[in-house]
Amino acid sequence: MDNNNFEPKIIAFVCNWCTYTGADLAGTSRLKYQPNIRMIKLPCTGRIDPVFIIKAFEKGADGVLVSGCHPGDCHYNAGNFHARRRWIMFHKLLDYLGIDDNRLHFSWVSASEGKKFVDVVDGFVNKVKAKGPFIRYAEINKEFVING
Amino acid sequence: MQIGYYPGCSQTGTAKEYDKSLRLVMNKLSAGILELNDWSCCGATSAHVTSHRLSLALSGRNLALAEKQGFKEMLAPCAACYNRLLISQHELNNSPKVKADIEEIVDCKIKGDTEIINIIQLFQKIGKEKISENIKNDLSILKAACYYGCLLVRPHDITHFDDAEEPVSMEELVKTVGAETVNWNFKTECCGAAHSVARKEIVVNLSKKIIEDARTHGANVIIVACPMCHTNLDMRQRAMKREYKDHSEMPVLYLPELIGLAMGFDNKQLGIDLHTVKFKFPELVKKSEEITV
Amino acid sequence: MKIGVFICHCGENIGRTVDCARVAKAAAFFTNVVYSVDNKYMCSDPGQNIIKQAVKDYKLDGVVVGSCSPHMHEKTFRKAVSDAGVNPFLCEIANLREHVSWVHEDKEVATGKAIDLVRFAVEKVKRNSPLTTIKVPVTKRTLVIGGGISGIQAALDVANAGYEVVLVEKEPSIGGHMSQLSETFPTLDCSQCILTPRMVEVYQHPKIKLMTYAEVESVEGFIGNFKVTIKQKARYVDADKCSGCGTCMQKCPIKKKAFSEFDEKLAFRSAIYVPFPQAVPNIPVIDTSVCTYFKNGKCSMCQKVCDREAIFFDQKDELITEDVGAIIVATGYKLYTIDKKPEESEIKGYGEYGYGKYKDVIDGLQFERIASASGPTSGEFKRPSDGKEPKKIVFIQCVGSRDESKGFSYCSKICCMYTAKHAMLYKHKVHDGEAYVFYMDIRAGGKMYEEFVRRAIEEDGVKYIRGRVSRIYEQNGKYIVKGEDTLAGVPVEIDADMVVLATAMVAQPEASKLAQTIGIPYDKYGYFVEVHPKLRPVESSSGGIFLAGACHSPRDIPECVSMASAAAAKAMVLFGSDMLEREPTVAKVNELLCAGCFYCRKVCAYNAIEIKDIRDRSGNLIKQVAYVNDGLCQGCGTCNATCPSKSVELIGYTDEQIFAEISALY
Amino acid sequence: MQTIEDEIAEITGQNPSKCYQCGKCSAGCPIREYMEQAPNVIVRYIQLGLFDKALASSTIWLCAGCLTCSTRCPQNFDLAKFMDSVREIALRNGVKVKERALLKFHKAFLSQIKNHGRTYELGLVRDYKLATGDLFSDVDAAPDMFLKGKIGIFPHNIKGKDSIKRIFEKTGVKKCK
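Residue numbers (our numbering), protein chains in the order written: chain A, 578 to 725; chain B, 2 to 294; chain C, 2 to 667; chain D, 3 to 179.
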């Protein structure tokens, strides 16, 4: 399939205090980024359950972006540390589930990093565009439909 | 310990006594230095003031040769050569683009892993113990002003010399061979270097300042580690005499010459007699005779 | 559930790139949406009335507003909804401005994204449950960390408003750097004369608990309810018994071993000492690193001569805990210095100035001590090396400031002014003396500041030379200063008797450690960071923790004082109400599911999860389950994500709600 | 169109606008008193786009490359390297060099390298003297050095002479004589 006009679907799980606010800042500074991203606001990256991400892929996302406060300045002192610790295990799980972990991107974007937010989004969107659509789960789902 | 040796042009001419004394001392310390085959000029000042790429390439060639000859470390006793080789290596290692360009020009690969060392590092590597074992003469009557000049210590982030403003590593060596050192201001002040021929008056004035500061701080000899510095500080004293009627001579020795004296060699063996300013210490000569008897 | 959708044009801001009418139409077809409309300004009164009216007319029990960021107007709309009699937490915001119209250009795409975001919100609100805000009590006490002018000001303001204050200072006396200063710009009034009364006021204030020679060990809890542990270092002197007569200090045999910190190493002090005569409290401490008794038990002179028997060599450090509702951090700054032995100093550099090598090349604070009437030279200008009066002084600005290679990139802000003051003070005392100032720019922004500098130049004849000095070296008793006047384009060489370096203001070395202890962010220099540089300059991002003075950035006395008062005001705002309202986003435990593994406790940063016993009627323990303390829970949801049996849920962000949002994708 | 400022940035890998004109370089420059403009002024010229002024200045040729400025610059701006690049550009653009003698010396020096691989004093002195026409300076030093055998009479030609020629051609530095 031709990836040039392929517009990936990307779900972003962001924390309310840093990245969501950073995205607001990108807005107030009228920066522009690619529209493929749909943000889901959570209080803290610590809240993000790996299952969310798998769910996202199952529901047809081509990529998932996770972003929160920088290590050290989590609004909840330690939430993002726990999150970070969780990801380390999580990569293996993804692999096991047949999801190329290049489709998953973690980054730390603070409330003051509107520009960085834009770079992260554009960078990741392009990366996923290059990889093409994530069909595996879609197909599996089809099979389910067929075989009832 | 087998160290590569990049003499540099001066060593074959204006600074042949530097070369002479160095080899002599190294023999005495039974630490071999092996001359780099078919080495060419590093380009010195003239190259880098006219073309950045030229200076990189000229030094690059020698770096490549050193690697061919399998030198882990290579000594460049001339501060200028040391500086050019080091900077070129630094720039090559820090920019793949530049590296590719220069490799194409000199048409061979440059790994850039030969450690370029200066005269002071050389003696540090040999070690104070080993040096002091070979000391025969008492140099305590010498009040030495150690003159580092520019290119030995700068740029600091590349040379990583002990201190950019107040270096002391040469003093430590000089103390090891029994001479006293003086604390003075112009350790790293510039002598005018490459302007020696074309703008002599500049060099004469700068060098005069340096010599006088050494004198006022009680020095009776200046120790250098660079042929250019030596040319300017020693040879130009003739001109100083004409410029400043009251100028009284100040002997200038290369570091290896001083170490040589301590080891009991005489002026002739070390080539000190080739200097413009005569250097005689009867007491010393006597002592060495006593020992040889 | 009956949901109403309201799309705001925000004038042109959203309308320009998003077809709001189309979004509203599209939303009308979502399940449970019974009403959908767009309007020019939703946040305006008429706009809000549309919502209220619709709630009544269509019996809405869920509302989605597509507008600006929830951080802007979520409160506004939730209030509107609750005014209309619907629980405010049944209102969700879709961010169509910051996240759509302002960041995308293509109207088609933007509109599409807007519709998606509204769908997300609808799916979420469907699963919202009515909530009531949590109320927690406020402890109306304030902890002030640091007893410099900022800490003193903040403490006095809060205390005078009638609230208790705990003031913690790590040095033996309060007063900070201001107590070291000779005179202050631009009025040239005596620093100690204006400060000392304040220090005494603090000491005598019934509402202030002063703890000097003490440090904050740890901070637990959250806004309104902090538990602070403070380490009171052993003074070896009983504060209640000591009368401050000072006999111990006079008799102490240690005379020339310890440099006086207060006099910036220009004088010595005894082993048992108060930093300076006007110290508050006027109770000495023993410096165990030099005291003979602590070295070899030989001497106990101070104990012998103390008729109050106030000296106890066996005194130990003790830990004290205090409950406070607000914390004001005022830990101040340190001067960029190189101690007399450069190898011992934490900062290298400026060898070209002979800084740390030459006795007469000193820094700003040392000059303050020399100029101060209470200083080692009792205010007479004598240079440290030989005590002679300097006839020519060179002042150099921006040493360590605006210098990314040797110091810090930032401007230390106060040096221009204090250098002008130094030169002025010198000229006033030594009339035949010459004062030269090397500067890069003169930054004299402030009331009567520029005028002050002009006075130094025009009336007192201080010579200003624009350029950085390159080298200073000693030549027969003089210090040769090599500079360039970049305005005239001529080299300048001055043979000075003394050189004063206006060295940079830097963050306290332990600042970053403290920041981690109390949980506030700090920048790469170690300065503490405010929530918003323009609109919330004295609040840290941790609720209830405020910033005052030079711990935030280089600033002069008036700025420190005003910042301190601002921080105090913020604390008092907090104390204005007895109960704190908090978002009800807290974790809840499903006790039936909970297996009692208590992983959640391990990850909870607030110790909000307790162990609860479940007993049958006859009171036998059946099992233990996790229990969330609403007061402590901050709602980060880490427990939720960690719980293996999914029996902890974060209200407002339940798995169900998030799955719904995800499923709503495309 | 690449401006001279861009060229400099390319050669030195640093942006001239980094310099904030504090003058510490000029303050510490050993050659300062002989220069027609202070080193920081040359940077200023470039910053202001007054390229001709910069390229024509004697200052760029008097810089001895002692690196004092680069070592002490508070902005980590390598001024010595900057000066090299300005000189290089001046030559490329055929700007009339005020410090003829210095340039002639450098050219004489390079021609030695080009032709023999190493410098060879007699040749160097000869070329230089002929170029500058000042035959009688250094009368104090030269004979003395000559007698002491410090001035080689015959050039020492290295084996890899052609590789050196190649270097000169490739780097476009042809006219050394």
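Honestly, the hints are just simulated from the structure, not real lab data.
Note that the coordinates shown come from a computational prediction; the quantities given were computed from them, not determined experimentally.
Among these hints, one or two may not hold up.
DSSO-like cross-link-like pairs, simulated, lysine-lysine; straight-line CA separation at most 30 Å [said to hold, decoys possible]:
#1 Lys669(A) x Lys609(A)
#2 Lys172(D) x Lys100(B)
#3 Lys242(B) x Lys106(D)
#4 Lys150(D) x Lys29(B)
#5 Lys201(B) x Lys172(D)
#6 Lys17(B) x Lys131(D)
#7 Lys137(B) x Lys150(D)
The hints, checked one at a time:
Taking the CA atoms of Lys669(A) and Lys609(A), the gap is about 34 Å. The hint is violated against a cut of 30 Å. In summary, the hint linking Lys172(D) to Lys100(B) is supported, as the alpha carbons are separated by about 15 Å, within the 30 Å threshold. Restraint check for Lys242(B) and Lys106(D): the C-alpha separation of about 27 Å stays at or below 30 Å, so the hint holds. Between Lys150(D) and Lys29(B) the alpha-carbon distance is near 25 Å, which keeps this suggested pair within the 30 Å criterion.
Note on Lys201(B) and Lys172(D): the hinted pairing is violated, with a Cα-Cα distance of about 33 Å set against a maximum of 30 Å. A C-alpha spacing of about 23 Å is found between Lys17(B) and Lys131(D), which places the hinted pair at or below 30 Å, so the restraint holds. Taking the CA atoms of Lys137(B) and Lys150(D), the gap is about 29 Å. The hint holds against a cut of 30 Å.
Hint compliance for this structure: hints 1 and 5 are broken, all remaining hints hold.
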